[in-house]
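Novice: Residue numbers (this note's numbering), protein chains in the order written: chain A, 899 to 1092; chain B, 899 to 1092; chain C, 899 to 1092; chain D, 899 to 1092.
Some hints here could point you the wrong way.
Which copy is meant is left open, because identical chains are indistinguishable; a pair holds if it fits in one copy or across any two.
Below, in silico cross-link-like pairs of lysine-lysine (DSBU-like), each with a Cα-Cα straight-line distance of 30 Å or less [unchecked claim]: (1) LYS924 to LYS1035; (2) LYS1035 to LYS1045; (3) LYS901 to LYS1043; (4) LYS924 to LYS1043; (5) LYS901 to LYS924; (6) LYS1045 to LYS924; (7) LYS1035 to LYS901.
Bear in mind the hints are in silico, worked out from the structure with no lab data behind them.
Number of protein chains: 4
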Amino acid sequence: MGKNRLEAFSDGVLAIIITIMVLELKVPHGETPDALLPLLPAFLSYVLSFVYIGIYWNNHHHMLHVATRVSGPMLWANLHLLFWLSLFPFATGWMGENHFAAMPSALYGLVLLMAAIAYWLLEQTIIASEGPASVLKRAVGRDWKGKLSPVLYAIAIAATFRVPWVAQAIYVLVAIVWLVPDPRIERTLHREKV
Amino acid sequence: MGKNRLEAFSDGVLAIIITIMVLELKVPHGETPDALLPLLPAFLSYVLSFVYIGIYWNNHHHMLHVATRVSGPMLWANLHLLFWLSLFPFATGWMGENHFAAMPSALYGLVLLMAAIAYWLLEQTIIASEGPASVLKRAVGRDWKGKLSPVLYAIAIAATFRVPWVAQAIYVLVAIVWLVPDPRIERTLHREKV
Amino acid sequence: MGKNRLEAFSDGVLAIIITIMVLELKVPHGETPDALLPLLPAFLSYVLSFVYIGIYWNNHHHMLHVATRVSGPMLWANLHLLFWLSLFPFATGWMGENHFAAMPSALYGLVLLMAAIAYWLLEQTIIASEGPASVLKRAVGRDWKGKLSPVLYAIAIAATFRVPWVAQAIYVLVAIVWLVPDPRIERTLHREKV
Amino acid sequence: MGKNRLEAFSDGVLAIIITIMVLELKVPHGETPDALLPLLPAFLSYVLSFVYIGIYWNNHHHMLHVATRVSGPMLWANLHLLFWLSLFPFATGWMGENHFAAMPSALYGLVLLMAAIAYWLLEQTIIASEGPASVLKRAVGRDWKGKLSPVLYAIAIAATFRVPWVAQAIYVLVAIVWLVPDPRIERTLHREKV
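Next comes chain A alone, as it looks inside the complex (with noise of 0.2 Å):
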């Protein structure tokens, strides 16, 4: 009841976020490869965003396949984790912006362990709705990604001020952690035929 339409608005919401962002990358005036140059930070920036929305859309997609009901709570943890997703484009653009400097790379530390607390919220939300013996929580298991990564994104952020490439290494290693398909629950899915 009613798992549609808070996938269609989520699916909504997060597409426009992940084409939004491409509008940080300014059309320049010149037409050499010089005007082009100056927007390769931005860039991957850019890149490394859309990969992060990217995984959120896949694992969200996961996550709400095996809800069986809509809750009140659910659909504000939901807003709330997407509340923190639409904050990717002006972080992401700052960062690229500013070439990776201390400040905005701490600020889109600060988004992403916005995003993944959020996004570990909505699965307590759901989990809560769906009882223990629920498929979630016996897919998500431990959940060690999911606990790694709000410690990650801190020391990140902290390391912004001292070593800032540390900051972008964490986040891309981060990021390649939860490219790497979770085979959590698709096999618990595999497993019960659901």
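Here the structure of chain A is known, so what remains is to put chains B, C and D in place on it, guided by the hints.
Specialist: Chains B, C and D alone, transformed into the frame defined by chain A:
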């Protein structure tokens, strides 16, 4: 018949409104916290409007859920609501850019007021189409929230010209009143297992 | 088969068009009513275009509702319609910024004219696919609105260079003609309980 | 399972891409035809890209229609395709603003090339998931269009540095080749009444 498409279109418009509002948060040129600080009013306006659009999406979701058919007047009452909601990015941006000054705050209140009236009109249109014995009619009941909000918005608009912060306080207060889950429709639904 | 996706894509494009038009209402810097007043023509243009896109969405909704299958030519006739509608934000912005001057008003009329022709082509494509005995064919009937509108748009375009306000009057008039609910399709649907 | 959401998300992204491209057509300040004329290259670029995104949507529509399940790799192959398509507004804007100069035209060709490769990868991922006896495998057949396009794009990119208009001619030519309805999938579908 056709309800899915009405929901999908509304979801699309609401998803875009909630997301393009973030574009009013212009990426600053500097890389220091000083560059970020002037954006605080714009950020707070964004948070407030995000919550309001979230509330509208939430209530719209519940209201259409109990509608059993789509009529011509409903389509237009819905577009009328979306029109006023589409002015949120403009009103939010103007209020944020001018640090909650009187006129922009009054205009923000006016948009809130018109959206509330448009929502009430849509509700009445659906009830007229569904009949007095409909789930929605019984669920909405006396609708004290729906009647109280426009009055409070009007007071807030009047207040902007004397004590501007009272208007902001009222906008936040009304949002909180609506954020508290509305048990009416959900309860009626549960009772009747629609 | 596939009709859902055609509707979803069209809804997405229409939802975005109707919403990004509001971005042409640039947030003014001042905080006084004087700062808002110069935006009045842009606001009125926005209202007019919002109504037009609403009408197109509404009619598109009804037309596709009676289509029973999706053909290749239909997909392209639909994209052709969306192309002309996608020029609404540009034409609206130009007309609003120049306070309904002759050329921008003529271009606005041209976009309206091309969209009307594109809509008619889509209608014919669906009728060709559904057959002369289809619900749509009988519902549309002689289609005086669809035939009258392009003529009126052409008159309006010609009028812009002599009496500009006549063009605006015609644009508003045609919108009102369409706003009055079209009982043809709905009536035919009711009769046949499709 | 989950195919609807994959389609909905892709439709959302494609709808936004096709629509925000129009934002690169900046509303001019003057109200004369002279103000409009400099926008002609930007307009022509927009038309070309609109057609290309339309073609991708169309083919994507057909390809996913015959997919019977959604796998993890498919989700990422799809996001990879959407990534390259999301660069269309940027590449289109740069080419239009610089009146089809060499470098911007080459970059446009590069985005076309990468999107074509990403589409092919998605196709292969689906075929791998569906098996060699799948409808898609038989429908695509030897896929001369899919193999010819990248070659032509590469030739066009090389041509931009000598005879720029040849590149444009190739981009238009390839679009026409794809515009001609692809009878392969539709025919196979008809035969098998999927």
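Novice: Does each hint fit the structure? Answer for all of them.
Specialist: How the hints compare with the structure:
With identical chains, the CA atoms of LYS924 and LYS1035 are never at most 30 Å apart, being 44 Å at best within one copy and 40 Å at best between copies. For the homomeric pair LYS1035 and LYS1045, the shortest alpha-carbon distance inside one copy (15 Å) is at most 30 Å, but the shortest distance between copies (42 Å) is not. Both within a single protomer and between protomers do LYS901 and LYS1043 lie at most 30 Å apart by alpha-carbon distance, with minima of 26 Å and 26 Å respectively. Taking the shortest Cα distances, LYS924 and LYS1043 never come within 30 Å of each other, neither inside one copy (35 Å) nor across copies (33 Å).
When the C-alpha separation of LYS901 and LYS924 is checked against a cutoff of 30 Å, the pair qualifies neither within a copy, at 37 Å, nor between copies, at 34 Å. Taking the shortest Cα distances, LYS1045 and LYS924 never come within 30 Å of each other, neither inside one copy (36 Å) nor across copies (33 Å). In this assembly of identical chains, LYS1035 and LYS901 lie within 30 Å of each other by CA distance both inside one copy and across copies; the values are 18 Å within and 24 Å between.
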